[in-house]
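Protein chains in written order, with the working numbering: chain A, 3 to 326; chain B, 118 to 368.
In case anyone wonders, no lab produced these hints; they're calculated from the structure.
Predicted model only: the values in this text are computed from it and were never measured.
Some clues are possibly wrong.
Just a few of them, taken from the derived set where beta-carbon distance is under 7 angstroms, the chain B residues facing chain A [to be verified]:
{"hint": "1", "residue": "GLN244"}
{"hint": "2", "residue": "GLN247"}
{"hint": "3", "residue": "ALA338"}
{"hint": "4", "residue": "SER340"}
{"hint": "5", "residue": "VAL367"}
Where is the CB? At the ideal position from N, CA and C, for every residue including glycine.
The chain contents come next:
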Amino acid sequence: MSKILIVAEHDKGIVKKVSLSAVAFARQWAAKTGMSYDIAVLGQNVGPVAAALTAYGAGAIHVADHADLAHPLAPTWAKVLADLALDIGADVVVAAATTLGKDILPRVAVRLEAGMASDVIGIVQTKEGLGLRRPMWAGNLVGDVIITTDTKVLTVRAAAFDAAEATGGNSPIKAFAAQPDAAKSRTRFVSFDGVQSTRPDLAEAAVIVAGGRGLKDKFNAVTEPLADVLGAAIGASRAAVDDGFAPNDYQIGQTGKVVAPQLYFAIAISGAVQHLAGMKNSKVIVAINKNGDEPIFKVADYGLVADAFSAVPELTQKLKALRG
Amino acid sequence: MKILVSAKRVSDPNARLQVAKDGKWIEGDVEYVMNYFCENAIECALQIAESQDGVETVAVGIGDEDTARFIRQGALARGIDRGIYVAAEESEIDSDLIARIYEGVVHRERPDIVLIGKQAVDGDSNQVGQLLAEYLGWPQATFASKVELQGDEAIVTREVDGGLEVIAVSLPCVITADLRLNEPRYASLAGIMKAKKKPLEELEIDDLDLDDADPKVKVVALSTPSGRKAGVLVKDVDELIAKLRGEARVV
Numbered sequence: 003m004s005k006i007l008i009v010a011e012h013d014k015g016i017v018k019k020v021s022l023s024a025v026a027f028a029r030q031w032a033a034k035t036g037m038s039y040d041i042a043v044l045g046q047n048v049g050p051v052a053a054a055l056t057a058y059g060a061g062a063i064h065v066a067d068h069a070d071l072a073h074p075l076a077p078t079w080a081k082v083l084a085d086l087a088l089d090i091g092a093d094v095v096v097a098a099a100t101t102l103g104k105d106i107l108p109r110v111a112v113r114l115e116a117g118m119a120s121d122v123i124g125i126v127q128t129k130e131g132l133g134l135r136r137p138m139w140a141g142n143l144v145g146d147v148i149i150t151t152d153t154k155v156l157t158v159r160a161a162a163f164d165a166a167e168a169t170g171g172n173s174p175i176k177a178f179a180a181q182p183d184a185a186k187s188r189t190r191f192v193s194f195d196g197v198q199s200t201r202p203d204l205a206e207a208a209v210i211v212a213g214g215r216g217l218k219d220k221f222n223a224v225t226e227p228l229a230d231v232l233g234a235a236i237g238a239s240r241a242a243v244d245d246g247f248a249p250n251d252y253q254i255g256q257t258g259k260v261v262a263p264q265l266y267f268a269i270a271i272s273g274a275v276q277h278l279a280g281m282k283n284s285k286v287i288v289a290i291n292k293n294g295d296e297p298i299f300k301v302a303d304y305g306l307v308a309d310a311f312s313a314v315p316e317l318t319q320k321l322k323a324l325r326g
Numbered sequence: 118m119k120i121l122v123s124a125k126r127v128s129d130p131n132a133r134l135q136v137a138k139d140g141k142w143i144e145g146d147v148e149y150v151m152n153y154f155c156e157n158a159i160e161c162a163l164q165i166a167e168s169q170d171g172v173e174t175v176a177v178g179i180g181d182e183d184t185a186r187f188i189r190q191g192a193l194a195r196g197i198d199r200g201i202y203v204a205a206e207e208s209e210i211d212s213d214l215i216a217r218i219y220e221g222v223v224h225r226e227r228p229d230i231v232l233i234g235k236q237a238v239d240g241d242s243n244q245v246g247q248l249l250a251e252y253l254g255w256p257q258a259t260f261a262s263k264v265e266l267q268g269d270e271a272i273v274t275r276e277v278d279g280g281l282e283v284i285a286v287s288l289p290c291v292i293t294a295d296l297r298l299n300e301p302r303y304a305s306l307a308g309i310m311k312a313k314k315k316p317l318e319e320l321e322i323d324d325l326d327l328d329d330a331d332p333k334v335k336v337v338a339l340s341t342p343s344g345r346k347a348g349v350l351v352k353d354v355d356e357l358i359a360k361l362r363g364e365a366r367v368v
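Please take these sequences and the hints and turn them into a complete structure.
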């Protein structure tokens, strides 16, 4: 029977929620095609990750545990994923459209002689068969595409698929004898400088407080207290990141992260097309900007034309008081 | 050393876009710009060429006829040594075919580094550099925000989820450029004059010995996403809190 292979991403032994969105996609695709789905876990000492995935209805959890897979370097991970896909006869390989998925999956596609669709937001029935919907031109247009090869590779936008819930069951865990061929990869991991944060991940946060260039060197002073009160993640426009007021990891937009929280605060953000592409699917958008003509007000559910330096602290204080 | 760099024109994503009647591509009076990430790739190539002797830089553009003009004005005028234009119908090529066209050019040119924009802001696929690296069996360093050459290695800082990763890849390699890699320069008047005399080779896909020129992914329909309606303006913070609590029930 035809199979979908889902690539599970994990961090410090925990499955990333974005990968459960890939599971959600797989369930939808499986329902339309009669396929089943397996999950691949690559890395070193990833037993706990595999164990945490056994309740999601997969036919099997394939574990490739190898010292040379400790860091997700594209040539080695792509080789092992493609080997695994061939071994189990997978027709579809899917991962979340994270930097990891975007880095590695195209190489898997070449190895499998498959076409690939990036950043999929939906499954559509087209005149030419079952297709995939994806944003193009910074989200100004959506394209329905079909992959013409028998084997298909794709990344899915996590914000478009609610994370799959565990359904019980007990998927078997199978060890895969990985051969990463690290020597041939000519790639060496040097270091990782992680953003230290106690806040939720942007991709997983229910509330996001995002700031723009207008906040200048008060970026943290304005956004952090409000984020603290709401338990929110902090994001930024590209302009704020380019000017050094916020770290690159905060960037929301077409070329940064795409998010869809329950509540999104756009503070001193003008609302350039490329920023809107990253947040316009948020459930509720609040814009606070002193210039009422900014395009952000065209997508905001609630707009407040006010100086962020006074309005945001006031908002923070009043919300704090309400929450006791 | 030889560096191959991408020079792709894109229809400006900030402009109004009109979907063609057959629904498969855009049409009409479209404004084109150099792909932002290609500008970063070009700047990176120029900086490497300026920092050491004996570096040749070659810009590659694939697309409709007008692409050749972009190679000259956007790459050669900025200082890239020469250009290669490969004619192709933009609505008929996918990332995979573009990567295979690049592979054909790499076999002719034998560069040490291929520098490509991390994505084109029309198709937004973010695949070509990675596909090319696998076709060539080369290492890759995607989403680069810093590139340093040390001996036969490139030490590349990558912008990844959760922070910055540094990897070392040995040459030859593919590097894809992110926005914070550098600040692209403008072409100088002297550069624009010089560019007119720089070599710009024109090729057809058939010149590149590909197995086939068939795309693996086809756009079947393009449409405009349903827009979001503007909401209401509130007069002050108190009204905002009241709306968020009462109407939206989100705080």
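* Asked: Would the stated hint for ALA338/B survive a check requiring a Cβ distance to chain A of less than 7 angstroms?
  -> Since chain A brings a Cβ to about 4 angstroms from ALA338/B, closer than 7 angstroms, the hint holds.
* To do: Would you settle whether the hint for GLN244/B is holds or violated, based on the nearest Cβ-Cβ distance to chain A being less than 7 angstroms?
  => holds (4 angstroms)
* Asked: Can the hint on GLN247/B be confirmed by a CB-to-CB distance to chain A that is less than 7 angstroms?
  -> holds (4 angstroms)
* When the least beta-carbon distance from VAL367/B to chain A is tested against 7 angstroms, hint result -> With Cβ-Cβ at 4 angstroms, under 7 angstroms, it holds.
* Asked: Taking 7 angstroms as the limit, does the beta-carbon of SER340/B come near enough to a beta-carbon in chain A?
  -> holds (6 angstroms)
Checked against the numbered hints above, the structure breaks none of them.
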